[in-house]
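Trainee: The residues making up each chain are set out below.
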Amino acid sequence: MDAVAREHVATNEADLDELLRKSGRGDARAFRQLYDAVAPRLMAVAFRMLNDRQQAEDVVQETLIAAWRSGAEYDSRRSQAATWLISITRYRALDLIRKHGRQRDILHDGQQDIRRVLGHDDPEQEGEPLAPEVSDRLQTCFGEISRDQAGCIQLAYTEGLTLQEIALRLERPIGTIKSWIRRGLQKLRECVEL
Amino acid sequence: MRLESAELVELLAQRYVVGTQRGHARRRFETLLEQRSDVRRAVSRWEERLTPLAWSLDPVEPSDLLWQRIARELDLGRPASQRRRDSGAGVWRGAAAASALLAVFMAGGWWMAERRPPEIVQNTVIERIPEQVAVALVVSDAGDPLWLTRIGRDSGELAVRVVGDVASQPANDYQLWALTDAGVPVSLGLLPQSGSVTIALDSAAKAALERSSTLAVSLEPPGGSPQPVPTGPVLFTAALLAS
Chain Y
114 MDAVAREHVA TNEADLDELL RKSGRGDARA FRQLYDAVAP RLMAVAFRML
164 NDRQQAEDVV QETLIAAWRS GAEYDSRRSQ AATWLISITR YRALDLIRKH
214 GRQRDILHDG QQDIRRVLGH DDPEQEGEPL APEVSDRLQT CFGEISRDQA
264 GCIQLAYTEG LTLQEIALRL ERPIGTIKSW IRRGLQKLRE CVEL
Chain H
12 MRLESAELVE LLAQRYVVGT QRGHARRRFE TLLEQRSDVR RAVSRWEERL
62 TPLAWSLDPV EPSDLLWQRI ARELDLGRPA SQRRRDSGAG VWRGAAAASA
112 LLAVFMAGGW WMAERRPPEI VQNTVIERIP EQVAVALVVS DAGDPLWLTR
162 IGRDSGELAV RVVGDVASQP ANDYQLWALT DAGVPVSLGL LPQSGSVTIA
212 LDSAAKAALE RSSTLAVSLE PPGGSPQPVP TGPVLFTAAL LAS
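Chain order of the listed sequences is Y and H.
In this text, residue positions in the first sequence follow our numbering: the first is 114, and each later residue adds one.
In this text, residue positions in the second sequence follow our numbering: the first is 12, and each later residue adds one.
Think of the hints as simulated: they come from the structure by calculation, not from any bench.
Bear in mind the structure is a predicted one, so any value in this text is a computation, not a measurement.
Glycine included, each C-beta is placed from N, C-alpha and C at the ideal position.
There could be a bad hint or two in this list.
A few chain Y residues facing chain H, derived, Cβ under 10 Å [as the list claims (entries may be wrong)]:
(1) PHE144
(2) ALA159
(3) ILE178
(4) ILE210
(5) LEU274
(6) LEU276
(7) LEU281
Okay, the calculated beta carbon distance ranges per label pair [what the hints assert, rightly or not]:
(8) Y/THR253 <-> H/ALA170: 54 to 64 Å
(9) Y/ARG302 <-> H/GLN180: 45 to 55 Å
(10) H/VAL195 <-> Y/GLY288: 49 to 59 Å
(11) Y/GLN277 <-> H/SER166: 33 to 43 Å
(12) H/ALA182 <-> Y/GLU303: 55 to 65 Å
(13) Y/ARG302 <-> H/ARG83: 21 to 31 Å
Partial selection, computed: residues in chain H whose CB lies under 10 Å from chain Y [what the hints assert, rightly or not]:
(14) VAL146
(15) ASP213
(16) GLU221
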């Protein structure tokens, strides 16, 4: 596991791991603690992707029920609890988007935000920093890739946009978007593995 | 899909995790995920690298109803010893649960596949079998039904019927397992790749089913696993429901 991946929830990583394992063993109290710790984070992920509170809550419900039912098998040597939970949430949200479409205007919703990320509103702007919870290393690495690359990665990963949707929103050719994401991720990988 | 290059594996894993791989390509890749540990490891690495981006989003408080819904679904209001594992409202409900929990496998469940044989990489826990007949519908990752199984508790017979597009595996057999509450797999027999079969369950299988609420399907050498546990990848799980 990348060191950077371990850092980002270092403050409560062990707690989350333990809560997840206990939940899986049927400890309802631990499960409630796990819920309190992660539900708002998972809601943020699902809501950002789906832009629909009810659908987001459905996804978080499924994720946490999966945690209750499968948490006993969780092994922190293979995956962080946060990664495990976030991944379930994201894939389920992507699944919903695929099946039912998206409850948002992908052309305009959040456009100002992303233009700010990309630095298009203000050439002097360095781009919107990542939230402070993001590990220093990942933040550093994002600083080393272009704003275009970073912005596209975030649109795809945190908002669940397709290449075509990103291209439409940014008014750039799809090939360009694809290239930005691929090169950005490659650089990111090299950076975090240093 | 031929996927021999490590660089290609890396690229596809990237796209899968970021989410830009969609449609049939995504489903084909998910098939590879079930089969290849190197693909699973590549996906896990990208999940770990990028999780901070999602974890760092401004938290959004769920409504109070969310916890109530979860608690009701899991019967958390009762003591653990009296807690039902699911309401078991019907076979299609089970299919939905299996589909939802496929995400566990697709998401962070890789460690389960690599940590221990047998490769029990998915898990769905539903109610024990209180009725005379229990059914389970095995569905694909896309939610399409594959096999419908019907177990007669008194007759001791397992009837299996192919109900969808089961991928032909001429060099392998699909094997059905009961997963006991303790997580121990017990073979129920080989699944047909077309048509239907009826299998007379042995005493071990019957006993396992009394303590099981989940079936699993693994891909095994012809004739089934040479060991009393799955030796190949577990491809699907299905909730066992009272009918």
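Trainee: Hint by hint, note whether the structure agrees.
Mentor: Consistency of the hints with the structure:
{"no.": "1", "hint": "PHE144", "in the structure": "holds, 7 Å"}
{"no.": "2", "hint": "ALA159", "in the structure": "holds, 8 Å"}
{"no.": "3", "hint": "ILE178", "in the structure": "holds, 6 Å"}
{"no.": "4", "hint": "ILE210", "in the structure": "holds, 9 Å"}
{"no.": "5", "hint": "LEU274", "in the structure": "holds, 8 Å"}
{"no.": "6", "hint": "LEU276", "in the structure": "holds, 5 Å"}
{"no.": "7", "hint": "LEU281", "in the structure": "violated, 14 Å"}
{"no.": "8", "hint": "Y/THR253 <-> H/ALA170: 54 to 64 Å", "in the structure": "holds, 60 Å"}
{"no.": "9", "hint": "Y/ARG302 <-> H/GLN180: 45 to 55 Å", "in the structure": "violated, 35 Å"}
{"no.": "10", "hint": "H/VAL195 <-> Y/GLY288: 49 to 59 Å", "in the structure": "holds, 52 Å"}
{"no.": "11", "hint": "Y/GLN277 <-> H/SER166: 33 to 43 Å", "in the structure": "violated, 54 Å"}
{"no.": "12", "hint": "H/ALA182 <-> Y/GLU303: 55 to 65 Å", "in the structure": "violated, 40 Å"}
{"no.": "13", "hint": "Y/ARG302 <-> H/ARG83: 21 to 31 Å", "in the structure": "violated, 43 Å"}
{"no.": "14", "hint": "VAL146", "in the structure": "violated, 20 Å"}
{"no.": "15", "hint": "ASP213", "in the structure": "violated, 27 Å"}
{"no.": "16", "hint": "GLU221", "in the structure": "violated, 20 Å"}
In terms of the numbered hints stated before, the structure departs from hints 7, 9, 11, 12, 13, 14, 15 and 16, listed from lowest to highest.
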